Amino acid sequence: MNERVIEINNLGKQYRLGQVGSTTLGDDLKRWWYSLRGKEDPFLKIGEENDRTKKGESDFVWAVKNINFNVDKGDVLGIIGKNGAGKSTLLKILSRTTSPTVGEYKIKGRVASLLEVGTGFHPDLTGRENVFLNGAILGMTKNEIKRNFDEIVSFSGVERYIDTPVKRYSSGMYVRLAFAVAAHLEPEILIVDEVLAVGDAEFRKKCLGKMSEVSKFGRTVLFVSHELSAISSICNKGLLLKNGRIESEGLITKVLNDYMSGTNSKNPSLSWEEKDRPGDEHVKLNSIRVLNMSNILTNTFYLGEDLKVEIDYEVISSDNLRVNPGISIYTATEQLVTVSLPNKSEIKTNKGFHTATCYIKNSMLNEGIYNFRINAHTFYPTILHFDLKDIVTIEIIEKQVDDRTTDYKDKLLGIIRPEFEWKIN
Amino acid sequence: MEQDKNTWDIVVRPKSNLYNLNLKELMRYKDLILLLVKRDIVAVYKQTVLGPLWMIVQPIFTTLVYLFTFSATAKISTDGIPPILFYLMGLTFWNYFSDSLLKTSNTFIANASVFGKVYFPRLVMPISVVISNLVKLFLQCLLLTLVYLYYLFTSNDVQFNFYAIIYIPLAVLFLGIFSLSLGVVFSAFTTKYRDLTFLLGFAVQLLMFGSCIVLPASIYGEKILSILMFNPIVPIIEAVKYFLTGHGLFSPFHLMFAFVTIILTFVIGVMVFNKTEKTFIDTV
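Which chain is which? The protein sequence lines are H and L, in order.
According to numbering that gives the first Met the number 0, the residues represented by the first sequence are 0 to 424, in order.
According to numbering that gives the first Met the number 0, the residues represented by the second sequence are 0 to 283, in order.
Watch out, some of these pointers could steer you wrong.
[Claimed, not checked] Here are the simulated lysine to any residue pairs, SDA-like style, with alpha carbons at most 20 angstroms apart: (1) K277/L to V101/H; (2) K141/H to T6/L; (3) K277/L to R95/H; (4) K166/H to D78/L; (5) K277/L to S87/H; (6) K141/H to P120/L; (7) K145/H to T6/L; (8) K29/L to R167/H; (9) K29/L to N142/H; (10) K107/H to E24/L; (11) K45/L to K145/H; (12) K166/H to I9/L; (13) K166/H to K277/L; (14) K274/L to V101/H; (15) K72/H to I40/L; (16) K37/L to D162/H; (17) K23/L to N256/H; (18) K105/H to F159/L; (19) K107/H to L25/L; (20) K81/H to S247/H; (21) K23/L to S232/H; (22) K105/H to A42/L; (23) K388/H to S247/H; (24) K81/H to W271/H; (25) K45/L to Y160/H; (26) K37/L to F148/H; (27) K72/H to A111/H; (28) K145/H to L227/L; (29) K410/H to S232/H; (30) K107/H to V41/L; (31) K45/L to K105/H; (32) K37/L to D123/H; (33) K277/L to R109/H.
[To be verified] Label-pair restraints from in silico Cβ distances: (34) A202/L to E201/H: 50 to 56 angstroms; (35) D123/H to I262/L: 48 to 54 angstroms; (36) K209/H to G200/L: 45 to 51 angstroms; (37) E143/H to G200/L: 46 to 52 angstroms.
[Stated by the list, open to error] Some, not all, of what chain H presents toward chain L, calculated at C-beta under 8 angstroms: (38) S98; (39) L124; (40) H225.
Simulated from the structure, these hints should not be mistaken for lab results.
In this text, all values refer to a predicted model and were calculated from it rather than measured experimentally.
Think of the CB as a built atom: it goes at the ideal place given N, C-alpha and C, for glycine as much as any other residue.
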């Protein structure tokens with residue numbers, strides 16, 4: 000059984016909305032008066048769920064509430080959720096930059112948090128001086144930094160400028176150096192918040208590699224990112240937050256699927272009222288349907304099963320535009336799988352209602368969740384009439400794993416599952 | 000799953016012990032304190048020709064300004080101490096105190112971006128400020144020593160008392176603790192009420208005139224002076240003057256009172272700081 004390194008009990012954090020300022024003096028006095036009489040803080044009783052889209056009644060909001068979870072040693076936990084779901088607040092509490100309003104948590108081992116790279120970098124100091132300063136801020140001792148110094152510099156790839164003040168660095172070099180320091184931290188628990196959003200592709204790959212390497216040494220990583228492909232490639236566990244509460248936790252694939260199905264339409268048929276139809280002055284979208292070959296609306300398909308997508312649209316303009324409906328398929332981690340457009344002989348240019356039916360045969364899609372992006376273009380001249388991302392979600396499932404003819408019965412990774420034939424002589 | 004309750008390294012709850020200095024943790028970050036001190040000293044003087052020499056040039060200029068305004072023009076007495084020595088001595092110790100106070104009082108606001116991203120004992124910052132001012136004080140004391148030795152050998156008004164060697168480090172220590180504690184209290188309140196930053200600027204200026212730095216103790220009447228002596232800085236700096244020159248007020252009672260006040264301020268300061276440091280990032 001794995002050793003537990005983080006235990007979180009009923010954690011919550013309340014924030015006051017609006018201006019923090021002169022008016023709080025009154026609240027402070029009230030709080031103080033209540034605590035003096037040994038009563039509970041009166042402001043803790045109120046407060047609403049954290050939903051940024053709705054206008055609340057109270058000025059107090061729970062950024063996160065009722066958070067209970069445990070993390071085992073060696074886990075790489077990906078924390079996902081929409082903007083404002085409480086991910087960063089949770090990381091802030093766990094990295095001890097702020098304290099919870101209620102609840103408690105326990106941690107075993109040294110924690111290093113990387114909520115930002117280059118924290119404490121001083122522009123006037125040289126790269127070398129900043130490596131030491133930043134390393135110390137992140138919790139390393141001077142000797143640890145000295146020992147790793149050459150490695151840090153070569154990882155960052157800015158050897159040449161190491162004795163130049165960092166204010167002369169390009170922003171890429173700055174981030175590279177900053178991440179290099181952070182990457183050489185040797186804590187038992189590493190907390191990382193979307194720091195990979197910067198740097199070039201090569202460097203990002205390097206960073207991700209470093210992070211999964213870290214976990215191989217039995218260290219624990221907590222990782223927040225909107226980049227689902229990064230999450231799915233390095234995390235083994237997941238935590239989905241919604242409005243400050245835990246919506247789903249467990250294996251990363253399960254959590255990612257929950258996330259995708261939560262954010263996307265499960266409905267295989269979508270239609271719009273006359274007045275809210277997506278589109279421009281030339282073309283309007285009426286409805287979209289996903290069906291199987293027996294014309295039944297569904298969004299669950301078996302591996303290798305054919306399916307069809309019907310797009311109803313209306314051409315309003317009489318300019319004889321060559322309107323091309325199009326479908327793109329994305330994985331749950333937002334990687335593009337493929338794009339498809341109709342043959343030119345199929346294009347209708349006349350005014351009126353049309354239904355485009357796209358038969359997807361031998362899709363080769365592996366089991367999992369896929370999102371359809373549906374749009375309509377005119378190419379000469381270029382006009383984008385409408386473009387709806389993640390508008391329909393389908394799930395591909397394997398009919399019966401036991402029917403599989405291989406010895407291996409677990410999930411086969413990958414985006415596609417073409418038919419292969421093996422011969423071993 | 001069996002869990003031994005004692006094996007957790009960090010347990011965080013909303014409220015913690017008010018008086019929890021956690022010296023062990025602070026010691027673990029001693030490298031950070033040293034690096035921050037180095038940063039404070041090195042970074043300020045980057046791209047200057049004189050570099051850290053500015054630390055010495057500053058008190059010289061200020062002394063000259065006071066010399067012309069208060070001594071030469073306004074003819075305000077310096078209690079028998081040669082004016083240059085009087086101002087330089089007062090300023091050297093006063094600047095140490097006021098610079099530390101003003102900078103530590105800004106701890107949370109100035110470091111909000113760092114504090115918001117990384118945890119380390121928050122006390123590291125104000126401590127490093129006081130230590131870098133200590134380094135500055137040391138350099139300025141070299142200048143003061145030169146000037147002092149000149150007057151010691153040329154003027155009959157300056158008499159060295161052997162106790163100065165013991166007393167001055169003690170005075171420096173207590174001035175440092177006092178500025179740290181006051182600064183820390185102010186830093187805790189300024190996170191919420193920014194008004195205090197403005198007030199403190201004036202208060203420190205006013206305090207300088209109430210600390211016998213530019214105006215000698217003799218300029219005040221008996222009555223006012225008896226009140227001023229309860230300002231912890233007055234007996235401390237007056238005693239420095241007394242031990243170094245033979246002029247100045249040396250009052251063991253007021254000195255003891257000052258030391259006790261400073262220790263109390265320190266206790267309160269740490270308490271207030273501990274209470275604020277955990278959540279200040281939400282209000283700053």
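Evaluated hints:
1. K277/L to V101/H: Within the cut-off at roughly 13 angstroms; holds.
2. K141/H to T6/L: 27 angstroms, violated
3. K277/L to R95/H: Holds, at roughly 8 angstroms.
4. K166/H to D78/L: 51 angstroms, violated
5. K277/L to S87/H: Holds. K277/L to S87/H sits at ~16 angstroms (cutoff 20 angstroms).
6. K141/H to P120/L: At roughly 17 angstroms apart (the allowed maximum being 20 angstroms), P120/L and K141/H satisfy the hint.
7. K145/H to T6/L: 30 angstroms, violated
8. K29/L to R167/H: 29 angstroms, violated
9. K29/L to N142/H: 12 angstroms, holds
10. K107/H to E24/L: 15 angstroms, holds
11. K45/L to K145/H: 24 angstroms, violated
12. K166/H to I9/L: Roughly 37 angstroms between the alpha carbons, so the hint for K166/H and I9/L is violated.
13. K166/H to K277/L: Roughly 31 angstroms separates the two Cα atoms, so the pair is violated.
14. K274/L to V101/H: The hint holds at about 16 angstroms.
15. K72/H to I40/L: 42 angstroms, violated
16. K37/L to D162/H: 16 angstroms, holds
17. K23/L to N256/H: 45 angstroms, violated
18. K105/H to F159/L: Violated, because 59 angstroms separates the two Cα atoms, which is more than 20 angstroms.
19. K107/H to L25/L: Within the cut-off at roughly 19 angstroms; holds.
20. K81/H to S247/H: 13 angstroms, holds
21. K23/L to S232/H: 39 angstroms, violated
22. K105/H to A42/L: 38 angstroms, violated
23. K388/H to S247/H: Judged against 20 angstroms, a Cα distance of about 24 angstroms means the pair is violated.
24. K81/H to W271/H: 25 angstroms, violated
25. K45/L to Y160/H: Holds, because 17 angstroms separates the two Cα atoms, which is no more than 20 angstroms.
26. K37/L to F148/H: Holds - the C-alpha atoms of F148/H and K37/L are around 19 angstroms apart, at most 20 angstroms.
27. K72/H to A111/H: 15 angstroms, holds
28. K145/H to L227/L: 51 angstroms, violated
29. K410/H to S232/H: Between K410/H and S232/H the Cα gap is close to 15 angstroms, so the pair holds against 20 angstroms.
30. K107/H to V41/L: Between K107/H and V41/L the Cα gap is close to 37 angstroms, so the pair fails against 20 angstroms, i.e. violated.
31. K45/L to K105/H: 43 angstroms, violated
32. K37/L to D123/H: 13 angstroms, holds
33. K277/L to R109/H: 19 angstroms, holds
34. A202/L to E201/H: 50 to 56 angstroms: 55 angstroms, holds
35. D123/H to I262/L: 48 to 54 angstroms: 37 angstroms Cβ-Cβ, so the 48 to 54 angstroms window is violated.
36. K209/H to G200/L: 45 to 51 angstroms: 46 angstroms, holds
37. E143/H to G200/L: 46 to 52 angstroms: 40 angstroms, violated
38. S98: 4 angstroms, holds
39. L124: Holds: closest Cβ of chain L sits about 6 angstroms from L124/H, inside 8 angstroms.
40. H225: Hint on H225/H: violated, closest Cβ of chain L at ~19 angstroms, above 8 angstroms.
Consistency note: the structure conflicts with the earlier hints numbered 2, 4, 7, 8, 11, 12, 13, 15, 17, 18, 21, 22, 23, 24, 28, 30, 31, 35, 37 and 40.
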